[in-house]
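Protein chains in written order, with UniProt numbering: chain A, 1 to 371; chain B, 1 to 371.
Quick caveat, the hints were computed from the structure, so don't treat them as lab data.
Treat the numbers as computed from the prediction; the structure is a model and nothing was measured.
Be aware that a few hints might be false.
Put simply, identical chains are the same to the list, so a pair is met inside one copy or across any two.
What the hints assert, rightly or not - Within a straight-line C-alpha distance of at most 25 angstroms, the following computed DSS-like cross-link-like pairs (lysine-lysine) qualify:
1) K158 <-> K229
2) K316 <-> K346
3) K346 <-> K158
4) K229 <-> K347
5) K229 <-> K75
6) K234 <-> K75
7) K308 <-> K75
8) K75 <-> K264
9) K115 <-> K151
10) K122 <-> K75
11) K316 <-> K264
12) K158 <-> K234
13) K347 <-> K75
14) K158 <-> K75
15) K158 <-> K145
16) K348 <-> K229
17) K75 <-> K254
Each chain is listed here by its residues.
2 protein chains.
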Amino acid sequence: MKDGMNSRLLLDCAKSCILASSPVFRRQQFLIRCVEGSIDHQPLSRDMQVLRSIEVDPENLIRAITPALDHTRHKGQAGNIAVIGGCREYTGAPYFAAISALKLGADLSHVFCTKDAAPVIKSYSPELIVHPVLEESYGVGEENKRSISSKVLAEVDKWMERFDCLVVGPGLGRDPFLLDCVSELMRHARQSNIPIVIDGDGLFLVTNNIDLVRGYPLAVLTPNVNEYKRLVQKVLNSEVNNEDAPQQLISLAKQIGGVTILRKGNSDLISDGNSVQAVSIYGSPRRCGGQGDILSGSVGVFLSWARKHILSADSKSHLSNKNPTVLGCIAGSTILRKAASLAFLKKKRSTVTGDIIECLGQCLEDISPAS
Amino acid sequence: MKDGMNSRLLLDCAKSCILASSPVFRRQQFLIRCVEGSIDHQPLSRDMQVLRSIEVDPENLIRAITPALDHTRHKGQAGNIAVIGGCREYTGAPYFAAISALKLGADLSHVFCTKDAAPVIKSYSPELIVHPVLEESYGVGEENKRSISSKVLAEVDKWMERFDCLVVGPGLGRDPFLLDCVSELMRHARQSNIPIVIDGDGLFLVTNNIDLVRGYPLAVLTPNVNEYKRLVQKVLNSEVNNEDAPQQLISLAKQIGGVTILRKGNSDLISDGNSVQAVSIYGSPRRCGGQGDILSGSVGVFLSWARKHILSADSKSHLSNKNPTVLGCIAGSTILRKAASLAFLKKKRSTVTGDIIECLGQCLEDISPAS
Numbered sequence: 001m002k003d004g005m006n007s008r009l010l011l012d013c014a015k016s017c018i019l020a021s022s023p024v025f026r027r028q029q030f031l032i033r034c035v036e037g038s039i040d041h042q043p044l045s046r047d048m049q050v051l052r053s054i055e056v057d058p059e060n061l062i063r064a065i066t067p068a069l070d071h072t073r074h075k076g077q078a079g080n081i082a083v084i085g086g087c088r089e090y091t092g093a094p095y096f097a098a099i100s101a102l103k104l105g106a107d108l109s110h111v112f113c114t115k116d117a118a119p120v121i122k123s124y125s126p127e128l129i130v131h132p133v134l135e136e137s138y139g140v141g142e143e144n145k146r147s148i149s150s151k152v153l154a155e156v157d158k159w160m161e162r163f164d165c166l167v168v169g170p171g172l173g174r175d176p177f178l179l180d181c182v183s184e185l186m187r188h189a190r191q192s193n194i195p196i197v198i199d200g201d202g203l204f205l206v207t208n209n210i211d212l213v214r215g216y217p218l219a220v221l222t223p224n225v226n227e228y229k230r231l232v233q234k235v236l237n238s239e240v241n242n243e244d245a246p247q248q249l250i251s252l253a254k255q256i257g258g259v260t261i262l263r264k265g266n267s268d269l270i271s272d273g274n275s276v277q278a279v280s281i282y283g284s285p286r287r288c289g290g291q292g293d294i295l296s297g298s299v300g301v302f303l304s305w306a307r308k309h310i311l312s313a314d315s316k317s318h319l320s321n322k323n324p325t326v327l328g329c330i331a332g333s334t335i336l337r338k339a340a341s342l343a344f345l346k347k348k349r350s351t352v353t354g355d356i357i358e359c360l361g362q363c364l365e366d367i368s369p370a371s
Numbered sequence: 001m002k003d004g005m006n007s008r009l010l011l012d013c014a015k016s017c018i019l020a021s022s023p024v025f026r027r028q029q030f031l032i033r034c035v036e037g038s039i040d041h042q043p044l045s046r047d048m049q050v051l052r053s054i055e056v057d058p059e060n061l062i063r064a065i066t067p068a069l070d071h072t073r074h075k076g077q078a079g080n081i082a083v084i085g086g087c088r089e090y091t092g093a094p095y096f097a098a099i100s101a102l103k104l105g106a107d108l109s110h111v112f113c114t115k116d117a118a119p120v121i122k123s124y125s126p127e128l129i130v131h132p133v134l135e136e137s138y139g140v141g142e143e144n145k146r147s148i149s150s151k152v153l154a155e156v157d158k159w160m161e162r163f164d165c166l167v168v169g170p171g172l173g174r175d176p177f178l179l180d181c182v183s184e185l186m187r188h189a190r191q192s193n194i195p196i197v198i199d200g201d202g203l204f205l206v207t208n209n210i211d212l213v214r215g216y217p218l219a220v221l222t223p224n225v226n227e228y229k230r231l232v233q234k235v236l237n238s239e240v241n242n243e244d245a246p247q248q249l250i251s252l253a254k255q256i257g258g259v260t261i262l263r264k265g266n267s268d269l270i271s272d273g274n275s276v277q278a279v280s281i282y283g284s285p286r287r288c289g290g291q292g293d294i295l296s297g298s299v300g301v302f303l304s305w306a307r308k309h310i311l312s313a314d315s316k317s318h319l320s321n322k323n324p325t326v327l328g329c330i331a332g333s334t335i336l337r338k339a340a341s342l343a344f345l346k347k348k349r350s351t352v353t354g355d356i357i358e359c360l361g362q363c364l365e366d367i368s369p370a371s
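Chain A on its own, in the form it takes in the complex:
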């Protein structure tokens, strides 16, 4: 698979009319990469069965991008992640995303949330850096909105350049004034070329204003079933087509200008508009809320690592022609599923999201030992 594609794949490539010169071809190949674990819990769709081929083995990928640990490294080099989320109503989600980043090996994990949410999120863990800077409408008079919005932006901008990735949305809520501020934050992050993983209420925001991410290759959307449905309706003006899910996902990602989309489901499907990769290794049958937050934090860390790996790797790296946001999604999806599986072995029905987070480290160590 390294230098070419088999005839079935070529046929699909021809269909999609995206064959071009060799480097572009490699980058844009129309490839369904299907990563299977030992337990395949559901039959794959027609397309997936036809195109069952592995180009990126997720464990090899994780080993390749996970940074070596040695005494020469400085604080922050293994990742500095910022979660934008946490409001009066929701505090668990941003905590799960931020602590997952730390537990995977990021050096620093920040949360930017409302003033009401900050003491609670701080109380979950002294490991996080929690900034009480966001404001909801109820605390802001109409006449102050402009000045408060500027202040919020200035507070986050002070830190922006230091972040390897923003995770926007866990527990963000839907307050209009808050979402306006976050839209502006996303524009600033784009100007600084900082990757943005968007989940939860961040997807609500983006679905209603696609231009926030349109054409930004460092944006990752991680919709669940319902969020994906709204996104397809809004962008493609059609309904979800499960019969040809990979093709529709490619169309969607392409339509938004090459953002990466991780469509969560029994198999997670990942596309940047050029290829589709499925992650189907078995996770857990437990559906406790919060697992999506682990995923968004994990994708944030892995895509940062993949980006650094690719930027620093010599030309021999087999990943150098890959999209780091796609690699981050493959790695994040894989580690969540492995951790969920391990937690379920231990805690069974009683498994909660915190139990899964406690398994992240061991799962990463099993794949990529720290020393």
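Given chain A's structure and the hints, the job is docking chain B onto it.
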């Protein structure tokens, strides 16, 4: 016992004058079902000794209603529970009830509490979704009561249809304005046919306004000794009769129009006005506060599961003619006692409610392995 009753039971049935056609007879049979464990810690009353018979084995019951876990399930399908409780004074009780639901396998667990209580309850665990929506009188001017009450109701109504069960009362307090709002919430839940488990201060509320639950078969009351005493005085206008406890419990449940009552005691007695079931397996001699909250959360989960099981089960299910609220009480009482027993083995006098909650998962796993 499946298709008939012995002569003693028939005699009791005749006494109660509720013999009717066969299906009605089965549903309304006047049966004392006495579930005994290996350690019988106190002599049963005369009636219980006479009528020691098991129709529903609680472990078989738990196995039957606990939903299978598989990859096809979505978040929420294993249960979405809401606890209404938590005020300036009390925060532990709603946490215990809500986290117990999660630890038994519910997917989502919400708490609706006052604004003062919310940050504290949130800080106990990021796993819960805590809504700071209730208001106490001290924060509400007379002129604002109507608008604030409407706002509280609207906040909860947004979520109402998603809940499989409300647990009303843990740490609710007795503030008159707050209780008025909760009364209205209960009326809305009834309109949506959502089961309601009522404990603690919720029982104070209901005892003073029986119409809130009268004739609602999806209501469960879980009174302790004192709460039961007040209920008997109010509804039956008499004192508690321990000599004929099962008969009095049946009369009480019938008088309130077929609600289910779980009378907590050395043996828990459960009745919906048609039959009485006792759960007497040995729990723990430790009487740390909070065990009633575990019970209310557990009953909420199990009755939701029982209801789904019965609604979806084919006609062959041996539970299809049973009352799901009664089944939920039997299962909840059983799992609490087993967990309390296991926790006491480990922690002895030092056992606190959190230790019992940590044993819920293992006890359920012992009875109904997740895979």
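Handout entry: Numbers of the earlier hints that this structure fails to satisfy, in rising order
Key = Of the numbered hints given earlier, those the structure breaks are 2, 3, 4, 11, 16 and 17, listed in rising order.
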